[in-house]
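Colleague: If you want the building blocks of each chain, they are given just below.
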Amino acid sequence: MDSHSEVHAEPAHPTPGLYLKIAVVLFILTALEVLAFEAGRGGLGAGLRPIFEPITVVLLIVLSAAKFALVAMFYMHLKQDPKLLANLFVFPLIIAASIIGGLIILFQYWRVVGAK
Amino acid sequence: MATSVLDKAPAAHATAPTGIWSWITTVDHKRIGILYGATAFLFFLIGGLEALFMRIQLMKPDNDFVSAETFNALFTMHGTTMIFLGVMPLSAMFFNYFIPLQIGARDVAFPRLNAFSYWVFLFGGLFINFSWLLNAAPNAGWFGYANLTSNQYSPGLNTDFWVLGLQILGVASMAAAINFFVTIVNLRAPGMKMLRMPMFTWMSFITQILLLLAFPVITIALVFLMMDRHFGTHFFLPEGGGDPVLWQHLFWIFGHPEVYILILPAFGIVSEVLPVFSRKPLFGYTAMVFSGAFIAFLGFGVWSHHMFATGMGPFADSFFALSTMLIAVPTGVKIFNWIGTLWGGSLQMKTPLYFAVGMVAMFIIGGLSGVMHSSPPADLQQTDTYFVVAHFHYVLFGGSIFGLTAGAYYWFPKMFGRMLNETLGKWHFWLMFIGFNVTFFPMHFLGLNGMPRRVYTYPEGLNFEFWNQVQTWGSMLLGVSMLVFIYNMWKAARRPANAPADPWRGATLEWLIPSPPQEFNFGTVPAVGSSTPAWDLRRANGGALPEPASESGEGIHMPRPSYWPVVTAFGVLGVIGSILFTHAFPQWYFITITGAAILIYGIYRWAFEPAF
Amino acid sequence: MSDAAHALEHPTATGIDSKKVAIWTLIGSECLLFASLISTYLVYKGKSLVGPLPHAESQCMLHGKMQTCEPIFEIPLVTFGTAVLLFSSFFIVLALYGAQKGSRKMLVGWLSMTVLCGLFFIGMQVYEFSHFYHKGLGYSTNLFSSTFYTLTGFHGSHVTVGVIWLSTLLYRAVKGKIPPAKALNLEIAALYWHFVDVVWIVIFPVVYLMR
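Chains as they are written, first to last, in numbering that gives the first Met the number 0: chain P, 0 to 115; chain U, 0 to 611; chain C, 0 to 210.
Just so you know, not all the hints are guaranteed correct.
As the list claims (entries may be wrong) - Only pairs whose alpha carbons sit at most 27 Å apart, straight line, appear in this in silico DSS-like list of lysine-lysine: (1) U:Lys-192 x C:Lys-44; (2) P:Lys-20 x C:Lys-100; (3) C:Lys-181 x C:Lys-18; (4) C:Lys-18 x P:Lys-78.
What the hints assert, rightly or not - One-sided and incomplete, this derived list gives chain C residues near chain U with beta-carbon spacing under 8 Å: (5) Ala-21; (6) Thr-24; (7) Leu-31; (8) Ser-35; (9) Thr-39; (10) Leu-41; (11) Lys-46; (12) Ser-47; (13) Leu-48; (14) Ser-139.
To be verified - Residues from chain C that keep clear of chain P, each with C-beta distances beyond 12 Å, as calculated: (15) Thr-13; (16) Met-60; (17) Val-107; (18) Leu-118; (19) Val-125; (20) Phe-131; (21) Gly-137; (22) Phe-153.
Honestly, the hints are just simulated from the structure, not real lab data.
Since the structure is predicted, the reported quantities are computational estimates derived from the model, not experimental observations.
Even glycine gets a Cβ: it sits at the ideal position worked out from N, Cα and C.
Kindly generate the complete structure, drawing on both the sequences and the hints.
Modeller: Structure below.
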């Protein structure tokens, strides 16, 4: 970290127009999430169900991750801000994801092995 | 107390204000550090008494010094007190006093938040100990395993005191962690890059990160437990489909990082003391920083080594065994680097060095028994026996307490302007060292010979008598060593405050200012060129360092004192503490509402009060 | 001396205002809070002993007797609430833009919209919870209910704190007390608000859309 301080480092500021576009994209992604959910349970017709049911979870993860990234990078300004702030977010997210993953594995495993 | 933002803040005082109100409204990190230290030391002594009572009970078979119920409360409160009201706030004393000094700052980033943390800690400690007066002290172990802690098996207020007390203390820890984290990131003096920070500050920094990431997990676990106890849920109760083992997972996801929270500050202190008293730079500064970070990061991946006996299956057992064994590597790096620091040094045989070396030696023993636990088959014999009790006392007492004591002797002159007596210090060391080992080493034997943990007595004929007696005598010796320490501090207090600024030829910034420092710490913010700025200055001055002059503090404005932190802390106590009875007596909800009102009012007045 | 003037006099080692670093630190920590809640929800998914269940029919206790209960989630309502929360993030970005540019009209207008969206979201949740309750999903009914209500309840209380915080700032904005020099205070609150939105971005698919 440098010892000199910059009160404001102002690169090209995102405009309200860009923010609006992102809002629209977020809305569309949300709609896609719901569509993926509906397709996976046969709400959009029995033909789509076998295609979408196995990939619903992956689709939802990808779509929500995209929304997450858009809000974090643009609305929360992480794209323009110093990297420290992004690290303050990403590092705990990694720990959080590991814990969620670890617990899921630990509890699923029990069921798989049937070790009750 | 409306004040205009345009008011000029009062100039820094040349001498500190006195009187109890000045302590209640203080936002000075040094004062808050002393408050933490005094309060924590008292709780530590209480925890020690709880231990002595247990040792008396266990001195002979079938003893009836205390009942089984009381014994349960003793070991629960001993553990909870020592961890949350002893070691953690003793570390907080040093965080408070020395992090700003070591980084060349005038105070922490959020001084009122700092005061708030202390008051919440005090209220939380008083709250949980208040239970003794109602004969309802927590009694289900410091780790509160489900479903022993359910309302069915632990009716009564005991576990409620435990849950709510920990939630209150959690607020204090979280607030302090945010504060110190931001302080270290943002308030370092010019030239103090991260890799030039003193080791104590580095290890404390990593500790704050652990606090921030681990405490939310136990917060949620405690919420689930409270819901199970009083609101009919089954998070951990099998009759509703819940799994008691989930509690263990959530608890230890917090609990394992917690033990690194307990040891890393002591590691940092030892890394400060050994170089100074060997008159040599720390061996492998960068390796020490990265090994500390690695230990902390890995510490999130080992938690189920506390659960090898719960039947997780071979895959989980192997994973956690490997990750636990892996953590021994960076720890070993630290041990070897400490030895490397001492090697070839010009050893100054003073009390801080004794405690620091004692820490390293005792921690090695504790680490060895720890690595023995990391093997699941071996652990199946060791778990829930006195072998585990031996292990964690070697790392927590032999490690944390010895390390913190080294810090106490090292930094006492800086904090109070008086030297502690060397002879008494050495008496303290040897009595504590011998007493500690006599108390805890035999626990390895007892454990492997089958004596379980948390038993209030044992029958004759199991061969447990001899070592239990020895251990009780050892614990008495430990108690005596504490008396020597107290006597040393008391004698020092009666001496005039004329200790030099740098009695030990320290390497870091705190030794460049008077003992004790003035309110504003540094008259001019120092510029730093390496991780040993005081040594650099000495070298530049031909080996000598002039005694720093007292400065006027003119033009420096310090944060103004405030009573909103203590008011807001009352609000926290009111909201969380009142749940103790409002869950059963909803008509008393007005107490919770009042607490919330005080809390919100306090926050608003705090937010709109000018900081300076 | 104002906080901003103070900041200029005492530059930070990173160049970032300490309050901003603090709110990001808090956000990082809160990730673990919600991770514990989400983990528990997932670990207990499908393990309830009785209904109502989120996506499937079940046997549940209703009006004093066991009967077949429908799946309890109403996706259209929640989707609408999700969209409202997403747009509130958009609105607060505009409010902040207005604050930084010195346009009190923009600031007050969009910040009011944000607060309204927040209130609407809370209202939707209150309606949803009471609707579920009347369909037999009490707090302690089953593992699904306990984990669902605790998770969404924690989120909802974070939204509530956010609404109170933003309302306070709105009041000050109306009185002209948020000039560009003080826009940072809104930025801090906005970061908190976005985080609350981001948590919902995770909760919505995990809880409502995964069967």
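Colleague: All hints, please: hold or fail.
Modeller: Each hint tested on the structure:
no., hint, result
1, U:Lys-192 x C:Lys-44, "47 Å, violated"
2, P:Lys-20 x C:Lys-100, "20 Å, holds"
3, C:Lys-181 x C:Lys-18, "12 Å, holds"
4, C:Lys-18 x P:Lys-78, "19 Å, holds"
5, Ala-21, "5 Å, holds"
6, Thr-24, "5 Å, holds"
7, Leu-31, "4 Å, holds"
8, Ser-35, "4 Å, holds"
9, Thr-39, "7 Å, holds"
10, Leu-41, "12 Å, violated"
11, Lys-46, "5 Å, holds"
12, Ser-47, "6 Å, holds"
13, Leu-48, "5 Å, holds"
14, Ser-139, "3 Å, holds"
15, Thr-13, "6 Å, violated"
16, Met-60, "26 Å, holds"
17, Val-107, "16 Å, holds"
18, Leu-118, "19 Å, holds"
19, Val-125, "22 Å, holds"
20, Phe-131, "19 Å, holds"
21, Gly-137, "25 Å, holds"
22, Phe-153, "14 Å, holds"
In this structure, the hints that do not hold are numbers 1, 10 and 15, in rising order.
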